[in-house]
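All chains, full assembly: derive it from the sequences and hints.
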Amino acid sequence: MKALILTVAIITCLGLVLAVVLYLVAKKFRVEEDPRIDEVEKVMPGANCGGCGYAGCRAFAESAVKADNLDSHFCPVGGNDVMAKVAGILGFEVKAKAPAVAVVRCNGTCANRPRVNEYDGIASCKVKASLYSGDTACAFGCLGCGDCVAACQFGALSMDPETGLPVVDEEKCTACGACAKACPKAIIELRPKGPRGMRVYVSCVNKDKGPAAKKACAAACIGCGICARTCTHEAIVLENNVAYIDPAKCKLCRECEAMCPTGAIHGINFLKPLDKEAVKARIQARKEKKEEK
Amino acid sequence: MRKLIVSPSPHIHSKDSTRSLMLDVVIALIPAVICSVVFYGWRELLLLGVSVATCVLLEWAVTRFLMKKPSTIGDLSAVITGILLALNVPYTLPWWILVIGAVVAVGVAKLSFGGIGQNVFNPAIVGRVFLLVSYPSQMTHWEQPQGLFGVDAITGATPLGAAKEGTLGQIDYADMLFANIGGSAGEVCAIALLIGFVYLLCRRVIKPWITLSIFATVALTALIFWGVNPERFTDPLFNLLTGGLILGACFMATDYVTSPMSVWGGVIFGIGIGFLTMMIRYFGSYPEGVSFAILIMNAFVPLLNRWFHQKKFGRK
Amino acid sequence: MARRTFSIGGVHPHDSKISRECPIEPLPIPPVVYISVSQHIGAPAVPVVAPGDKVKVGQVVAEPGGFVSAFIHSSVSGTVKSVGPRKDLAGNNQTHIEIAVEGDEWLETIDRSETLVTDIPDDNKAILDKIRLGGIVGLGGATFPTHVKLSPPPGSKCERLIINGCECEPYLTSDFRTLLEKGEQVVVGAAILKQVLGDVPCTIAIEENKPEAIAHIKEVIAILSAASPKFAGMEVLPLRKRYPQGGEKQLIDAVMHRQVGSGALPISVGAVVQNVATSLAVYDAVLKGKPIIDNSVTVTGECFLHQANLLVRVGTPLQFILDYLGGIPEDAAKVISGGPMMGRAVANLDAATLKGTGALLLLTEKQTRRRPETNCIRCGKCADACPMGLEPFLLQKLSRLGDVEALEENAAQDCIECGCCLYSCPAGIPLLDIIRTGKGAALAAIRARNVKK
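Chains as they are written, first to last, in my numbering: chain A, 150 to 442; chain B, 83 to 398; chain C, 115 to 567.
Just to be clear, a hint being listed does not mean it is correct.
No more than 30 Å apart at the CA atoms, straight line, and that leaves these computed lysine-lysine pairs for DSBU-like [said to hold, decoys possible]:
id, chain 1, residue 1, chain 2, residue 2
1, A, K342, A, K400
2, A, K334, C, K566
3, A, K215, C, K567
4, B, K97, B, K394
Honestly, the hints are just simulated from the structure, not real lab data.
Here is the structure:
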């Protein structure tokens with residue numbers, strides 16, 4: 150009995166003494182911190198993906214609290230909702246940004262782009278890219294080792310075994326940009342999602358001249374410039390033998406897509422499939438009208 | 083057109099593979115296996131068979147059905163675990179107890195950590211210690227062996243057990259060296275074990291530092307205690323030759339996976355094993371301590387790997 | 115038996131010098147050559163010819179594009195067809211000068227006779243200039259411009275010139291043949307180099323698996339040093355066979371017992387290392403007026419019927435060389451430019467040779483196929499093999515994690531990419547593949563920090 154009481158007494162005293170010590174230490178070494186940092190961090194998605202350019206959500210919050218405005222801060226994962234909340238806490242105004250999505254700009258499926266050699270090394274695009282141009286004749290296209298898939302923290306990317314290319318799950322993609330950073334060939338681009346997800350883009354980054362590009366891949370952009378000449382919105386620029394559609398200017402008329410000789414231009418999430426002949430007829434009619442004038 | 087292979091350099095590889103290294107260990111164990119069968123009879127062979135079969139079957143089943151990975155039995159590491167476990171138990175042990183030991187060794191100590199290369203503790207030793215703690219009477223029951231060719235062996239307790247009880251009589255070191263003592267199968271013939279150890283050294287499968295530092299530490303510790311009080315403590319040579327020390331030092335402490343990678347890490351590892359072994363032998367309640375010592379030092383391996391590094395070129 | 119070698123790690127791959135008995139023979143000139151402007155470490159050269167221009171052998175076709183850069187000369191006579199992008203052996207676009215061959219007309223300033231010149235001029239500045247104008251780069255593999263290496267930064271002093279005749283990579287024999295057939299020229303070239311470096315002693319290091327070369331060079335040195343004081347202080351040092359003995363840092367360690375620090379240059383311990391082929395090129399440039407327009411290439415492999423050591427004009431398509439020797443055999447699965455340990459796998463056989471192309475090696479699938487990766491068994495063989503004393507098993511883990519700080523702490527930046535770790539790994543882990551990325555990250559971090567300072 151005596152031992153029991155003694156044990157309880159000693160433990161209690163020890164607990165009290167340590168509590169006091171802890172209290173004093175906490176008081177002495179207390180770090181003054183802006184309480185808003187915690188508040189901001191609380192509304193963040195907490196994925197710590199680094200898509201905003203900061204090491205994690207906490208770092209983003211610390212920086213946002215110190216900033217004068219939120220122009221240089223944007224959480225791609227949380228999007229406008231989260232930024233509105235952050236702005237509310239910090240008393241800033243925030244402009245809504247168009248939601249973006251990762252777009253894989255390569256069309257070099259196994260069928261389109263024959264393999265000309267066999268890669269036998271670690272399955273890493275980074276290693277493969279530093280070694281050579283890849284196992285196809287296209288030195289610009291997807292290497293197919295899935296560095297982007299590994300980089301995605303949201304499970305939005307997967308390799309399609311049939312095409313050998315990564316596929317983006319638009320529902321899951323948060324446009325954090327980790328995949329774009331991971332891709333050594335800079336194939337993945339973050340593009341505005343577009344109305345109801347509709348968008349038109351050039352699914353190729355091959356800078357080789359037409360014949361070489363065509364030889365390497367049946368669906369390559371050969372830099373022929375037909376799309377740029379067809380576009381009535383000046384949305385397409387041709388540089389280094391490859392076309393690029395400016396999403397800000399594109400009006401989704403899909404004329405370029407209809408005219409592209411190799412099918413390198415993709416329009417996705419449209420309600421109706423593209424009626425190439427109808428669009429071509431429309432363009433032809435417009436041309437003739439112009440010539441008449 | 084011909085499709086050439088393209089890969090980063092180097093383009094050739096040495097002939098060593100996990101399998102070939104493990105095969106070397108199996109070969110190195112053959113003298114000890116033969117010795118134990120000769121001295122303990124066919125029953126020892128049965129135990130070896132049961133142990134190896136359980137280990138291999140279990141590894142095959144678990145990798146195949148639970149982990150859903152290509153089976154790793156081809157690398158022969160399960161075979162080694164099986165042999166070592168069987169050499170570490172008395173030949174009188176009922177076979178079903180050995181099966182339990184093998185399941186613990188491969189299932190718990192190896193595969194639950196993720197299979198070969200991932201385990202922290204030596205599987206065979208975990209299996210043995212599990213049995214020692216769970217079935218103490220069967221695990222310490224030594225009987226006069228019926229040798230294959232009528233080889234005569236002494237009866238009763240192991241020399242270490244006898245020393246603990248204070249009933250150790252006259253010791254014949256030659257007997258210990260050439261296998262005429264009681265104990266686990268693998269403790270029996272020191273020469274056979276040392277032949278295997280030399281084979282591993284010659285094939286450059288293992289490096290001698292761990293083993294030598296265990297021997298040196300055991301000898302030194304025993305020398306000090308024995309020198310102070312020869313009445314109470316056993317002498318160095320006795321300690322080197324008895325128990326599972328040679329088997330443990332040559333084959334279990336040198337297991338790649340559960341030993342440090344650097345030379346100095348290995349030396350410290352060996353000193354720890356040697357010292358702990360002697361402490362358990364002299365002051366512990368068990369007569370033998372090699373298994374426990376190796377297990378305890380296994381836990382320090384990550385730390386030793388962190389502390390001791392190789393000397394880097396052109397750096398202090 | 116020679117005892118000297120480097121102090122840490124190393125491996126002993128099978129020698130496989132099956133082409134060692136084949137004398138160096140000139141390869142016919144191909145109908146078209148493609149001369150890359152990027153044949154050296156540093157800035158690519160700038161083409162100075164245009165399509166339609168007539169060129170002769172030895173004429174400058176591209177000028178240095180920076181301080182660390184080199185002249186490039188036409189290896190044939192004929193007409194420039196085009197200057198533009200063409201795929202190199204890795205399949206990447208690189209500017210090439212395409213020249214259609216017409217005859218074989220050399221510049222008059224080149225002495226094409228076989229007579230040995232031993233008369234070394236005294237003017238070091240003129241010699242350096244000739245080396246620079248001759249487009250000489252290190253032919254041991256790194257292709258670092260030689261004149262830059264021969265101009266030590268102020269404050270550092272060269273104490274010994276080492277001529278690297280190790281040829282430690284399996285299969286390669288071009289340096290061995292050069293030592294045997296052009297030993298005199300190599301020694302004279304070495305004497306020129308040593309004079310430029312301030313009359314330092316010179317060691318010609320040769321691995322002991324080439325006893326004929328060791329004996330021959332010893333004899334040559336004895337004869338030449340008796341004739342002229344300019345050849346004093348030269349010696350042959352046999353080294354124990356071990357890979358990567360020919361690595362610059364390892365060779366200095368073996369010869370001088372000094373270890374070059376992390377990130378430091380050999381000159382920091384007073385050493386300058388030049389390859390045997392470079393030494394020959396220096397002789398040619400300084401005493402014969404001949405720039406680098408050809409180099410000897412070992413073409414070999416067990417699956418290959420016609421082993422050869424060929425004298426190949428720079429810019430010859432690889433396919434042309436292989437066709438000359440009977441084409442690629444059925445069972446060859448990989449073509450390697452260089453040795454099996456550090457050479458580069460060829461993705462594009464239409465690519466042309468460079469100054470630094472020392473070998474074409476053909477390996478079968480069985481010889482070269484990577485093993486499937488299994489779990490690390492922590493055997494430590496990679497760490498034993500690493501000649502830099504690194505721990506590849508640790509570095510590969512850190513590289514996979516992308517932990518740049520820890521990579522730097524564990525000296526990933528010191529990796530010389532010799533391939534010993536991957537060679538020796540029994541579990542088939544692609545150690546070097548992964549460590550290269552980690553090394554790159556660590557080097558980038560160090561550079562970024564230095565820029566900030």
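Now for the hints, and whether the structure bears them out:
no. : hint                : in the structure
1   : K342(A) <-> K400(A) : holds, 13 Å
2   : K334(A) <-> K566(C) : holds, 28 Å
3   : K215(A) <-> K567(C) : holds, 27 Å
4   : K97(B) <-> K394(B)  : holds, 26 Å
Violated hints for the displayed structure: none, as all numbered hints are satisfied.
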